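Novice: Let chain A serve as the given structure and place chain B with the ligands on it in line with the hints.
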Amino acid sequence: MDYLIAIGLEVVSGIASLVLISIGLAVVFGMMKVINLAHGEFLMMGGYATIAASKAGINIWIAILVIAPLVVGLVGLVVERLVIRHLYGRVIDTMLATWGLSLLFIGLVTTVFGNTTSGISSPLGAVNIGPIGFSAYKFFIVAVAVAVIVTLYLLFKLSRFGLIARATMQNADMSAALGVDPARVYAATFAIGSALAGLAGGVLAPVTGVVPSIGAAFVAKAFITVIGGGSAVLVGTLSASGIFATVNQLASFATTPVIGEVALLGAAIILLRLFPRGITGRFFKGRI
Amino acid sequence: MILELNGVGAGYGRIPILHHVDMSVAEGECVGLWGPNGMGKTTLLKTILGYLPATQGSINFMSEDVTPVAAHVRARKGLGLVPQGRQIFPALTVLENLRMGAALSGEGERHVIEEVLEQLPRLKSLLKRTGGLLSGGEQQLLALARCLCGRPKLMMLDEPTEGIQPSINEEIAETLRRLISEKSLAMIVVEQKREFIAVLAKRVLLMQKGSIAGEMTAAELLAHDTFH
Ligand SMILES: Nc1ncnc2c1ncn2[C@@H]1O[C@H](COP(=O)(O)OP(=O)(O)O)[C@@H](O)[C@H]1O
Ligand SMILES: [Mg+2]
Chain A
1 MDYLIAIGLE VVSGIASLVL ISIGLAVVFG MMKVINLAHG EFLMMGGYAT IAASKAGINI
61 WIAILVIAPL VVGLVGLVVE RLVIRHLYGR VIDTMLATWG LSLLFIGLVT TVFGNTTSGI
121 SSPLGAVNIG PIGFSAYKFF IVAVAVAVIV TLYLLFKLSR FGLIARATMQ NADMSAALGV
181 DPARVYAATF AIGSALAGLA GGVLAPVTGV VPSIGAAFVA KAFITVIGGG SAVLVGTLSA
241 SGIFATVNQL ASFATTPVIG EVALLGAAII LLRLFPRGIT GRFFKGRI
Chain B
1 MILELNGVGA GYGRIPILHH VDMSVAEGEC VGLWGPNGMG KTTLLKTILG YLPATQGSIN
61 FMSEDVTPVA AHVRARKGLG LVPQGRQIFP ALTVLENLRM GAALSGEGER HVIEEVLEQL
121 PRLKSLLKRT GGLLSGGEQQ LLALARCLCG RPKLMMLDEP TEGIQPSINE EIAETLRRLI
181 SEKSLAMIVV EQKREFIAVL AKRVLLMQKG SIAGEMTAAE LLAHDTFH
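Protein chains in written order, with the UniProt record's numbering: chain A, 1 to 288; chain B, 1 to 228.
Hints listed in this document are in silico derivations from the structure and should not be mistaken for laboratory results.
Everything numeric in this text was worked out from a predicted model, so none of it was measured.
Each residue gets a CB set at the ideal place from its N, CA and C atoms; glycine is no exception.
Mixed in with the good hints there might be a few duds.
[Said to hold, decoys possible] Now the stretches of chain A that chain B is said to cover, found in silico as 3 or more residues with beta-carbon under 8 Å:
1. 159-166
2. 243-257
[As the list claims (entries may be wrong)] Short, incomplete list of chain A residues facing chain B, as computed with Cβ under 10 Å:
3. Arg90
4. Pro182
5. Ala183
6. Ile288
Only chain A is shown next, with the shape it has when bound in the complex (with noise of 0.2 Å):
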């Protein structure tokens, strides 16, 4: 009985995870069919960032909650500003150019931080379900995936600037017909998903730790949820998550943890055949 409450709690972190590991990437990718392959860095910068400002002496949780998005959110308004503005509707031009801006960002943090893995302890203790460990940090991590996935929601569907987005999204030009600049809605829609993948790293930095070319793991498995999740950003999301983390944590449990990667990848190969637009390519087209 404990073993089943600690396999799933095992499992909701899992999910909880690659929640947070992909929901900046489908926010860019759903609004804006910009596929951003330096997501993986702007992880890694949220890590960095957080370490830094620890190390610094600001107090982690908000170096955790408030530094490493803030960081990461303006990266992206300057990334947005010099290079993805100029590429809109390029899909291929795109990749290579966030590609040659993950090595860049590899190469600066290299450079500035050295090519060590760099960590910082897990700042909650362990909590016992009967016999068995179970590190308090995640439910933490749970915590943040969950207000991170209730913001968002309530954030495209309530607010005046979410309706502008989802209209946005759905007919760029109308939108402009009727008084919007597109060209501000996908600046401020980069920012908010830049500063997503830096919350994400910073919240997985203690976890994970990090290390220069951490990203490339990362952007993997996103790029995977992304694309089985999707058009919907949240739905498409969550679903992925939920059943590839699944699959991913019971066959690590079952096997081992490197099985357990390539059972995602296989689970991910299985569920694009069957839909080859995602979980919510269908029916979801302009939702959220």
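Specialist: Same frame as chain A, now just chain B with the ligands:
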């Protein structure tokens, strides 16, 4: 003059479509734009709004040269478009579509929407419906209402009767007639149905191969026998 085009040329990429278009619309005037398919009517409206840059000539709106101005800025200055094919935001509700129309009108959104719904009462019972699931005629009414929510000073309508059932066409014509006579709203109406234009516009421009080939009165248009 609320709108003046002087020798405007435009096209898609390097393909020129419009050549030396001169036209003007006076305050409160409804101008018809008539011509068969593929003559450049939609392209002309896109150029006036600013989706396509004018490669030659100049466009003046409300005594201001807007030739270099982006589409969304022209829209804020009071250029409204009811586009061909309606272009409803399909996954937004009817009310959300109207809120988009009113988003930048600078007035209280609720007040503006209520006033527009008084002019198009059929939409009142549809507010919670999804835009993409409305019938063509309902979508056309919504596109018109959405445009009116932005409080345009010049409204451009691109084939508002295309593929729409006759009862709704009459409703649209009646609404437009009232806007012209009671609110003196300036309009450009692109149409292929001569009867529809003749009810609204005193002056009709004939569009052929990317230029304005002539000008007629509504009566002359009805008697005209070139294309029908
Ligand atoms: N997006 C486009 N790209 C290239 N050519 C186009 C495009 N849209 C329209 N055209 C061409 O421009 C010409 C005028 O089209 P259009 O303005 O839509 O005519 P109308 O509205 O009078 O039917 C046509 O020859 C059409 O093929
Ligand atoms: Mg046309």
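Novice: Please go over all the hints and tell whether each is borne out by the structure.
Specialist: To see whether the hints hold, each was checked on the structure:
1. 159-166: holds (count 4)
2. 243-257: As far as the segment 243-257 of chain A goes, the hint is violated, because 0 residues have Cβ atoms under 8 Å from chain B.
3. Arg90: violated, 15 Å
4. Pro182: Where the cut-off is 10 Å and the nearest Cβ of chain B is about 7 Å from Pro182/A, the hint holds.
5. Ala183: holds, 9 Å
6. Ile288: Ile288/A check passes; min Cβ-Cβ to chain B is 9 Å, inside 10 Å.
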